[in-house]
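**Student:** Chains as they are written, first to last, in this note's numbering: chain U, 108 to 392; chain E, 4 to 295.
Note that these hints are calculated values from the structure, not bench results.
Think of the CB as a built atom: it goes at the ideal place given N, C-alpha and C, for glycine as much as any other residue.
Possibly wrong hints are sitting among the right ones.
[Claimed, not checked] Label pairs and their in silico Cβ distance ranges:
id, chain 1, residue 1, chain 2, residue 2, range
1, U, T271, E, V188, 46 to 54 Å
2, U, E260, E, F257, 44 to 52 Å
3, U, A221, E, F257, 23 to 31 Å
4, E, V135, U, A352, 53 to 61 Å
5, U, G308, E, V152, 55 to 63 Å
Spelled out, the chains give:
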Amino acid sequence: MRDLLLAYQSLIAFVGINGLLALSVYATLSCGQLSLANAGFMAVGAYAAALLTVKAQAPFIVVLAASALAPAIIAVPLGLPVLRLRGVFLAIATIGFGEVVRLFFVNWDYTNGALGLVAIPQRTALWTIFLALALALFVLARIRGSRFGYALEAIREDETAARTMGIDTTGHKLAMFVLGAALAGLAGGLEAHFTFMVAPGGYGFGRVVEMLVQAVVGGTAAFFGPVLGAAFLTALPEVLREVGARLGFAPGPFRLFLNGAILLLVVLFLPNGLVSLAGLRRRKK
Amino acid sequence: MGQQALNGVFVGSIYALFAVGYTLVFGVLDILNLAHAAVFMLAAFSALALVADAHLPLWMALPLAVLAAGLIGLLLERLAFRPLRGRADSNISGLISSLAMATVFEAIALQLFGPDVSRFPLGTFPDRLIRVGTASASLLQLCIIGISVLLMALLTFLLARTRLGRRLRAVAESPRAARILGVNVDRTIAAAFFLSSALGGAAGVLFGLAFNSISPDVGRSVELKGLAVIILGGMGSIPGAVVAGFALGLIEVFTVARFGSSLRDAVSFAVLFVVLLARPRGLFGQAAVREA
Numbered sequence: 108m109r110d111l112l113l114a115y116q117s118l119i120a121f122v123g124i125n126g127l128l129a130l131s132v133y134a135t136l137s138c139g140q141l142s143l144a145n146a147g148f149m150a151v152g153a154y155a156a157a158l159l160t161v162k163a164q165a166p167f168i169v170v171l172a173a174s175a176l177a178p179a180i181i182a183v184p185l186g187l188p189v190l191r192l193r194g195v196f197l198a199i200a201t202i203g204f205g206e207v208v209r210l211f212f213v214n215w216d217y218t219n220g221a222l223g224l225v226a227i228p229q230r231t232a233l234w235t236i237f238l239a240l241a242l243a244l245f246v247l248a249r250i251r252g253s254r255f256g257y258a259l260e261a262i263r264e265d266e267t268a269a270r271t272m273g274i275d276t277t278g279h280k281l282a283m284f285v286l287g288a289a290l291a292g293l294a295g296g297l298e299a300h301f302t303f304m305v306a307p308g309g310y311g312f313g314r315v316v317e318m319l320v321q322a323v324v325g326g327t328a329a330f331f332g333p334v335l336g337a338a339f340l341t342a343l344p345e346v347l348r349e350v351g352a353r354l355g356f357a358p359g360p361f362r363l364f365l366n367g368a369i370l371l372l373v374v375l376f377l378p379n380g381l382v383s384l385a386g387l388r389r390r391k392k
Numbered sequence: 004m005g006q007q008a009l010n011g012v013f014v015g016s017i018y019a020l021f022a023v024g025y026t027l028v029f030g031v032l033d034i035l036n037l038a039h040a041a042v043f044m045l046a047a048f049s050a051l052a053l054v055a056d057a058h059l060p061l062w063m064a065l066p067l068a069v070l071a072a073g074l075i076g077l078l079l080e081r082l083a084f085r086p087l088r089g090r091a092d093s094n095i096s097g098l099i100s101s102l103a104m105a106t107v108f109e110a111i112a113l114q115l116f117g118p119d120v121s122r123f124p125l126g127t128f129p130d131r132l133i134r135v136g137t138a139s140a141s142l143l144q145l146c147i148i149g150i151s152v153l154l155m156a157l158l159t160f161l162l163a164r165t166r167l168g169r170r171l172r173a174v175a176e177s178p179r180a181a182r183i184l185g186v187n188v189d190r191t192i193a194a195a196f197f198l199s200s201a202l203g204g205a206a207g208v209l210f211g212l213a214f215n216s217i218s219p220d221v222g223r224s225v226e227l228k229g230l231a232v233i234i235l236g237g238m239g240s241i242p243g244a245v246v247a248g249f250a251l252g253l254i255e256v257f258t259v260a261r262f263g264s265s266l267r268d269a270v271s272f273a274v275l276f277v278v279l280l281a282r283p284r285g286l287f288g289q290a291a292v293r294e295a
């Protein structure tokens with residue numbers, strides 16, 4: 108058991124980090140909003156954390172708090188105007204935001220531009236990641252079934268009707284947007300102190316697509332679905348690495364291809380994701 | 004000054020061509036096709052492969068690559084959009100499935116062409132400078148402006164004057180009413196995807212020729228600009244996309260000349276954001292009554 112843990116330490120860590128990221132996308136999806144700003148929020152969290160550690164030698168707990176807080180603070184002024192927009196417009200505005208954050212860090216000399224910050228001390232342990240994940244799951248589980256949670260579901264099903272019922276739709280959407288930003292930032296801070304480095308290239312559009320894939324494949328009908336999806340899709344390329352190599356695929360494109368193909372299949376044939384498989388079996392019996 | 008304006012029109016013509024295809028699909032289907040930039044990239048690579056590996060002359064490679072892009076568009080519609088039609092959440096699931104296709108396309112390009120920048124072989128296009136008033140432009144730039152304007156004029160003619168154009172406008176107005184009147188809605192939507200992707204592909208080939216650097220992520224920067232253009236022009240409006248494309252090209256070139264090139268991509272975001280806040284329906288768009 109101990110050997111297994113050591114051999115697959117980084118894989119296990121990424122399952123946790125990706126789980127947090129998938130949950131951050133789920134936060135906005137749970138009220139029917141597709142926000143693609145989370146790679147940008149993750150970058151803000153990661154850079155805030157890395158700068159605090161490297162330049163100010165702050166204690167790790169402060170660093171992690173800052174990595175969640177910094178993007179959350181940015182999310183408020185961004186979210187207020189943007190969340191009045193619906194559907195496609197929200198997706199477009201948040202794609203734009205993510206791209207601008209990336210470009211900002213590419214052009215910021217203080218953090219070495221495109222090269223990023225390196226030699227960040229490794230502070231993240233497996234237990235920190237999974238404690239954070241457990242906390243996030245706890246919060247989301249409590250929301251589900253609460254008054255707040257029902258309001259979110261109402262907004263997802265029909266926003267206009269929800270507003271007519273007296274639900275403060277913008278307030279609810281903003282709360283989930285900020286929660287998503289904080290989760291993404293926290294994941295960024297944890298990852299920065301696990302991989303020793305932050306660079307703008309790691310927070311591009313591909314990253315947010317990856318989060319979305321994991322959330323949707325896992326299934327957004329249940330709060331633990333995204334974590335399931337993250338675990339499945341993080342481990343799958345490792346398991347299939349041999350197969351990909353035998354088919355003549357390079358590992359990078361192979362992973363990308365798998366992500367895209369699986370996402371398409373799930374959207375088409377299993378709209379509620381992997382979590383709905385359990386339900387399907389039960390119904391057939 | 005004249006030189007900057009010419010450069011702006013040149014860049015703007017590519018943005019406009021790209022965005023016209025983007026907005027065409029949105030106008031017909033009310034769905035944003037996030038794989039449009041991936042088709043743009045694949046078309047640029049196909050043209051490159053035709054010129055560099057198959058040794059075809061450019062005047063043959065360009066239409067072939069555009070045709071290939073159109074066929075990719077048909078495939079895209081068949082795989083990612085048609086199966087979702089009629090589903091309640093088709094708006095968001097369409098966005099997600101088009102992202103999935105974009106990811107697959109990018110993976111294919113990465114596998115076939117590698118992550119590095121590829122270039123057209125030297126002498127693909129004669130290198131000649133032409134003076135226009137006080138400014139000078141390369142023959143290539145003028146040809147690109149000419150081809151873009153020609154293609155956009157063709158599309159406008161097609162939409163306004165042909166049977167297919169009438170069907171497209173009918174489906175855009177109301178798919179259900181169009182079906183009752185005997186329009187084959189599925190085939191019309193497929194045609195919209197073919198046209199849209201062919202135009203996006205043409206923009207990709209021209210972009211690849213103009214900057215002579217093609218990589219699997221070349222669609223990324225154009226995607227943001229295309230989004231800014233269709234928002235500024237008004238979602239679904241073709242004249243809007245044309246006007247906004249040239250406008251964005253000009254704004255961008257003048258901003259870079261005044262404040263430096265690091266702001267190049269910030270311009271499109273600023274435009275995007277201001278329009279979304281101040282006038283979400285853009286210059287020529289119609290106000291949405293209710294989307295739910």
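**Student:** Next, verify each hint and record whether it holds.
**Tutor:** Right, here's what the structure says about each hint:
no., hint, in the structure
1, U:T271 to E:V188: 46 to 54 Å, "violated (32 Å)"
2, U:E260 to E:F257: 44 to 52 Å, "holds (48 Å)"
3, U:A221 to E:F257: 23 to 31 Å, "holds (26 Å)"
4, E:V135 to U:A352: 53 to 61 Å, "holds (54 Å)"
5, U:G308 to E:V152: 55 to 63 Å, "violated (36 Å)"
Going through the hint list in order, the structure does not satisfy hints 1, 5.
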